[in-house]
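According to our numbering, the first sequence is numbered sequentially starting from 5.
Take the hints with a grain of salt, since some may be wrong.
Stated by the list, open to error - Straight-line alpha carbon distances no greater than 20 angstroms define the calculated DMTMM-like cross-link-like pairs of lysine to aspartate or glutamate that follow:
no., residue 1, residue 2
1, Lys53, Glu38
2, Lys25, Glu83
3, Lys25, Asp11
4, Lys25, Glu38
5, Lys25, Glu79
6, Lys53, Asp22
7, Lys53, Asp11
8, Lys53, Glu77
9, Lys53, Asp12
10, Lys25, Glu85
11, Lys53, Glu14
12, Lys53, Glu34
13, Lys53, Glu79
Keep in mind that the hints were calculated from the coordinates and are not lab data.
Computed from a prediction, not measured in an experiment: that's the story for all the values here.
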Amino acid sequence: MTTLSGDDFESAVVSVIDSLKPGDIISYGEVAAEAGYPGAARAVGRVLKGSTGLPWWRVVTSTGRLVPGHEVEHERLLEQENVIVLNGRVVR
DNA sequence: TATCTGACGATAG
DNA sequence: CCTATCGCCAGAT
Numbered sequence: 005m006t007t008l009s010g011d012d013f014e015s016a017v018v019s020v021i022d023s024l025k026p027g028d029i030i031s032y033g034e035v036a037a038e039a040g041y042p043g044a045a046r047a048v049g050r051v052l053k054g055s056t057g058l059p060w061w062r063v064v065t066s067t068g069r070l071v072p073g074h075e076v077e078h079e080r081l082l083e084q085e086n087v088i089v090l091n092g093r094v095v096r
């Protein structure tokens, strides 16, 4: 039956992020595209914000910028994954 | 059903 | 390089 729910979108996003490995960085738009919802970068941010247990720190903005409002926390978490962050930007 | 919001993306200035 | 504006999508009220 057509039991469509936003849960499908969240599940897809969670699956993509959970598939990432330590040190692997991806942008919101990339996550949305991989989840099957290209252009839904904003919706992805909503999932990260409301979902716990997800490595949200592996997700950065398209320009490699850290998450606004969480730059300090984000940078610290990335360093734990062997990721170098300079000036609020991820070094790749 | 309509309207607003938001851990975004891209472009313009 | 930084700020501002528009556009896109899904969820919440």
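Status of the hints after comparison with the structure:
1. Lys53 - Glu38: Between Lys53 and Glu38 the Cα gap is close to 19 angstroms, so the pair holds against 20 angstroms.
2. Lys25 - Glu83: Within the cut-off at roughly 14 angstroms; holds.
3. Lys25 - Asp11: Between Lys25 and Asp11 the Cα gap is close to 23 angstroms, so the pair fails against 20 angstroms, i.e. violated.
4. Lys25 - Glu38: The given pair, whose Cα atoms are some 15 angstroms apart, holds under the 20 angstroms limit.
5. Lys25 - Glu79: 17 angstroms, holds
6. Lys53 - Asp22: 15 angstroms, holds
7. Lys53 - Asp11: With Cα atoms ~15 angstroms apart, Lys53 and Asp11 stay inside 20 angstroms; holds.
8. Lys53 - Glu77: 14 angstroms, holds
9. Lys53 - Asp12: 17 angstroms, holds
10. Lys25 - Glu85: 9 angstroms, holds
11. Lys53 - Glu14: Given that 20 angstroms is the threshold and the Cα spacing comes to 11 angstroms, the pair holds.
12. Lys53 - Glu34: Since the Cα atoms of Lys53 and Glu34 sit roughly 17 angstroms apart, the hinted pair holds (cutoff 20 angstroms).
13. Lys53 - Glu79: 17 angstroms, holds
In summary, the structure is inconsistent with hint 3 from the numbered list given earlier, while agreeing with all the others.
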